[in-house]
Amino acid sequence: MDISELKPIVESLVFVSPAPLRPERIAEALEIDRGTILEALQELQADYQRAGRGFVLQQVAEGFQFRTRPEYADWVLRLNRNRPVRFSRAALEALAIIAYRQPTTRAEIDYLRGVDSGGVLKTLLERHLVRILGKKDVPGKPLIYGTTRTFLEFFGLRDLASLPTLKEFSDLSPAEVDAAIASVPGVAPHPQTALDDA
Amino acid sequence: MDISELKPIVESLVFVSPAPLRPERIAEALEIDRGTILEALQELQADYQRAGRGFVLQQVAEGFQFRTRPEYADWVLRLNRNRPVRFSRAALEALAIIAYRQPTTRAEIDYLRGVDSGGVLKTLLERHLVRILGKKDVPGKPLIYGTTRTFLEFFGLRDLASLPTLKEFSDLSPAEVDAAIASVPGVAPHPQTALDDA
Amino acid sequence: MSAAVVDFDVHLSNFEGPLDLLLHLIRKNEMDVYDIPMAEITRQYLLILDAMQDLNLDVAGEFLLMAATLLHIKSRLLLPVSDPDEIETEDEDPRAELVRRLLEYQKYKEAAATMDGFPLLGREVFGRDFPAPELTEGGEAELEAVGLFELVEAFRALLREAPEPYVHEVEAERLSVSDRINAILTLLLGRDSLAFMELFNGRPDRPEVVVTFLAMLELVKLQTVRLLQNARFGTIWIYPAVEAEPAPAVDEGSLGYL
Numbered sequence: 001m002d003i004s005e006l007k008p009i010v011e012s013l014v015f016v017s018p019a020p021l022r023p024e025r026i027a028e029a030l031e032i033d034r035g036t037i038l039e040a041l042q043e044l045q046a047d048y049q050r051a052g053r054g055f056v057l058q059q060v061a062e063g064f065q066f067r068t069r070p071e072y073a074d075w076v077l078r079l080n081r082n083r084p085v086r087f088s089r090a091a092l093e094a095l096a097i098i099a100y101r102q103p104t105t106r107a108e109i110d111y112l113r114g115v116d117s118g119g120v121l122k123t124l125l126e127r128h129l130v131r132i133l134g135k136k137d138v139p140g141k142p143l144i145y146g147t148t149r150t151f152l153e154f155f156g157l158r159d160l161a162s163l164p165t166l167k168e169f170s171d172l173s174p175a176e177v178d179a180a181i182a183s184v185p186g187v188a189p190h191p192q193t194a195l196d197d198a
Numbered sequence: 199m200d201i202s203e204l205k206p207i208v209e210s211l212v213f214v215s216p217a218p219l220r221p222e223r224i225a226e227a228l229e230i231d232r233g234t235i236l237e238a239l240q241e242l243q244a245d246y247q248r249a250g251r252g253f254v255l256q257q258v259a260e261g262f263q264f265r266t267r268p269e270y271a272d273w274v275l276r277l278n279r280n281r282p283v284r285f286s287r288a289a290l291e292a293l294a295i296i297a298y299r300q301p302t303t304r305a306e307i308d309y310l311r312g313v314d315s316g317g318v319l320k321t322l323l324e325r326h327l328v329r330i331l332g333k334k335d336v337p338g339k340p341l342i343y344g345t346t347r348t349f350l351e352f353f354g355l356r357d358l359a360s361l362p363t364l365k366e367f368s369d370l371s372p373a374e375v376d377a378a379i380a381s382v383p384g385v386a387p388h389p390q391t392a393l394d395d396a
Numbered sequence: 397m398s399a400a401v402v403d404f405d406v407h408l409s410n411f412e413g414p415l416d417l418l419l420h421l422i423r424k425n426e427m428d429v430y431d432i433p434m435a436e437i438t439r440q441y442l443l444i445l446d447a448m449q450d451l452n453l454d455v456a457g458e459f460l461l462m463a464a465t466l467l468h469i470k471s472r473l474l475l476p477v478s479d480p481d482e483i484e485t486e487d488e489d490p491r492a493e494l495v496r497r498l499l500e501y502q503k504y505k506e507a508a509a510t511m512d513g514f515p516l517l518g519r520e521v522f523g524r525d526f527p528a529p530e531l532t533e534g535g536e537a538e539l540e541a542v543g544l545f546e547l548v549e550a551f552r553a554l555l556r557e558a559p560e561p562y563v564h565e566v567e568a569e570r571l572s573v574s575d576r577i578n579a580i581l582t583l584l585l586g587r588d589s590l591a592f593m594e595l596f597n598g599r600p601d602r603p604e605v606v607v608t609f610l611a612m613l614e615l616v617k618l619q620t621v622r623l624l625q626n627a628r629f630g631t632i633w634i635y636p637a638v639e640a641e642p643a644p645a646v647d648e649g650s651l652g653y654l
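Order-wise, the sequence lines are chains V, C and U.
Heads up: the first sequence is residues 1 to 198, going by our numbering.
Heads up: the second sequence is residues 199 to 396, going by our numbering.
Heads up: the third sequence is residues 397 to 654, going by our numbering.
Don't read these hints as lab results, they were simulated from the structure.
We put the beta carbon where it would ideally sit given N, CA and C, even for glycine.
Fair warning: there could be bad hints in the mix.
DMTMM-like cross-link-like pairs, simulated, lysine to aspartate or glutamate; straight-line CA separation at most 25 angstroms [claimed, not checked]:
{"no.": "1", "chain 1": "V", "residue 1": "Lys167", "chain 2": "U", "residue 2": "Glu506"}
{"no.": "2", "chain 1": "C", "residue 1": "Lys339", "chain 2": "C", "residue 2": "Asp357"}
{"no.": "3", "chain 1": "V", "residue 1": "Lys141", "chain 2": "C", "residue 2": "Glu269"}
{"no.": "4", "chain 1": "V", "residue 1": "Lys136", "chain 2": "C", "residue 2": "Glu351"}
{"no.": "5", "chain 1": "V", "residue 1": "Lys7", "chain 2": "C", "residue 2": "Glu269"}
{"no.": "6", "chain 1": "V", "residue 1": "Lys167", "chain 2": "U", "residue 2": "Asp525"}
{"no.": "7", "chain 1": "U", "residue 1": "Lys424", "chain 2": "U", "residue 2": "Asp525"}
{"no.": "8", "chain 1": "V", "residue 1": "Lys122", "chain 2": "U", "residue 2": "Asp489"}
{"no.": "9", "chain 1": "C", "residue 1": "Lys205", "chain 2": "V", "residue 2": "Glu43"}
{"no.": "10", "chain 1": "V", "residue 1": "Lys7", "chain 2": "V", "residue 2": "Glu39"}
{"no.": "11", "chain 1": "V", "residue 1": "Lys141", "chain 2": "V", "residue 2": "Asp159"}
{"no.": "12", "chain 1": "V", "residue 1": "Lys167", "chain 2": "U", "residue 2": "Asp601"}
{"no.": "13", "chain 1": "V", "residue 1": "Lys122", "chain 2": "U", "residue 2": "Asp431"}
{"no.": "14", "chain 1": "V", "residue 1": "Lys7", "chain 2": "U", "residue 2": "Asp525"}
Here are the in silico distance ranges between beta carbons for each label pair [what the hints assert, rightly or not]:
{"no.": "15", "chain 1": "C", "residue 1": "Asp314", "chain 2": "U", "residue 2": "His420", "range": "30 to 40 angstroms"}
{"no.": "16", "chain 1": "V", "residue 1": "Gln42", "chain 2": "U", "residue 2": "Lys424", "range": "47 to 57 angstroms"}
{"no.": "17", "chain 1": "C", "residue 1": "Arg325", "chain 2": "V", "residue 2": "Pro164", "range": "17 to 27 angstroms"}
Model the full assembly from the supplied sequences, consistent with the hints where possible.
Laid out in structure tokens, this is it:
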């Protein structure tokens, strides 16, 4: 099959998929090598970009998905009468920490933000942006958290590596943070006693 | 707004609609007369027809909808057939009960879920997530069930001890437990339509 | 209260936490984060906390804990250094950990702001998060038992489509749940399945959708019908619960968790 025949087929498969479609799955279904599929996808991507269409082909969460152009957001929201997705600053901060430091623990998030993050963590779990990866092999066996595929889909990221690099002001190693958490009563603050100490 | 500006907007609205979209609804959302909308839709229809695309704009009962070209139906079916497994809520519930209470019996699972679990239990056995450990030494000799190595692999757990304990969920709401369970790889969460603020 | 504090919109709720507040003070006073004047920043920080308490606002424990930390660092800076060697070894600058935390926090704060600037799914961009009808009409797909969630989703979609009620046009008799139950059962007579959408003629209005929903729930509760769906958000099929031949293979025999 040549690429001009392949393109509309690939297009239809991406179109019917409710989630980003991986090139591997297309390759498997069509019994065509992944490289050729990827080529077709990239050509389609360029075609859509060029043509001033209502939606474009985006590479996201290790797959490909059609998505509307950002400039039409208001119209879509008006049609669906939906409220747009919103994140509180607290949720975004916690999410950023988890995204960049995963696997990470609740204590680490609390320490880095300087405030209790239980509530936001719950919200992030409920929204399937964050998941429990398991338990950390340290005393107390705290749960460790990481981001999900849904996180990549929400933020339109191809994979975790495509997160923008952090501005390096300083870098606390996980070991340093652990040590600090152990030595600072910041995790469960008792304001009165703390004030007396001072 | 002239028709060339209008077309991609209309295109994006039809694209995001799960059901056929009536021109009246588009007209309402965009505050543009129905005739103009209909004109844009018909032009789009012709564009898609002409271009040899993977899908076309079709007028179906009461509205417009993008549909893949009928000649690609076989490919779509092939893609669909090797779709990743999806857990039903019932299967997840039964699996959670078995994971946390093993060794456990069918009667116990039925009792805890309040419904018959024969069907889901069969599915879990077929998928090798659950196995029969033996028979319980009580009258009737009911079969007892436990989880398998496949279960651990599927959920990315090293061993059963690394399953988060129920106590760790104790101060979490049922919704959060759901979220935590659903955030496990391979378990697709319900697609979120409108997310509320944190 | 000093002018420096008054002129600034004193709301701890504007700050994500004590680190955020400290960063604000450092930036506002153009202080060098690597050489923070502890006496001055502690003074300003405490003034803001006092103002909060004057306003009877609850000051979160984290803010008080940071106040304690600032006072502690300040007092350690005031201690005379007896042995110069001591500084070289264990005792680094008492401010060091605070500085590291501030810089680290700033890093994630900026990352969060950057991420918020991305085109978000459901805010700036939208996809098709539902399987296309092509996927659900093949009939080959395995049927999954429908749960309450899917049912409610289907009705929500209908309600979005349904026009607002024309209050005076609604006749009370038309809206009886028991009538609707009978109507559904009649439709089912002699058929082995019924597509959910067949329950509605043309464009239903809201009361009709709601009454049909209630009738369906009632029928499910009475175990008179079973609901099956070939894919999430696919067509919902209604089957009579008592039937000559078994329903297609499904995950679960009945409406699992209703």
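Right, here's what the structure says about each hint:
no. : hint                                      : result
1   : V:Lys167 <-> U:Glu506                     : holds, 8 angstroms
2   : C:Lys339 <-> C:Asp357                     : violated, 28 angstroms
3   : V:Lys141 <-> C:Glu269                     : violated, 55 angstroms
4   : V:Lys136 <-> C:Glu351                     : holds, 18 angstroms
5   : V:Lys7 <-> C:Glu269                       : holds, 14 angstroms
6   : V:Lys167 <-> U:Asp525                     : violated, 34 angstroms
7   : U:Lys424 <-> U:Asp525                     : violated, 45 angstroms
8   : V:Lys122 <-> U:Asp489                     : violated, 37 angstroms
9   : C:Lys205 <-> V:Glu43                      : holds, 23 angstroms
10  : V:Lys7 <-> V:Glu39                        : holds, 9 angstroms
11  : V:Lys141 <-> V:Asp159                     : violated, 28 angstroms
12  : V:Lys167 <-> U:Asp601                     : violated, 55 angstroms
13  : V:Lys122 <-> U:Asp431                     : violated, 37 angstroms
14  : V:Lys7 <-> U:Asp525                       : holds, 22 angstroms
15  : C:Asp314 <-> U:His420: 30 to 40 angstroms : violated, 60 angstroms
16  : V:Gln42 <-> U:Lys424: 47 to 57 angstroms  : holds, 49 angstroms
17  : C:Arg325 <-> V:Pro164: 17 to 27 angstroms : violated, 40 angstroms
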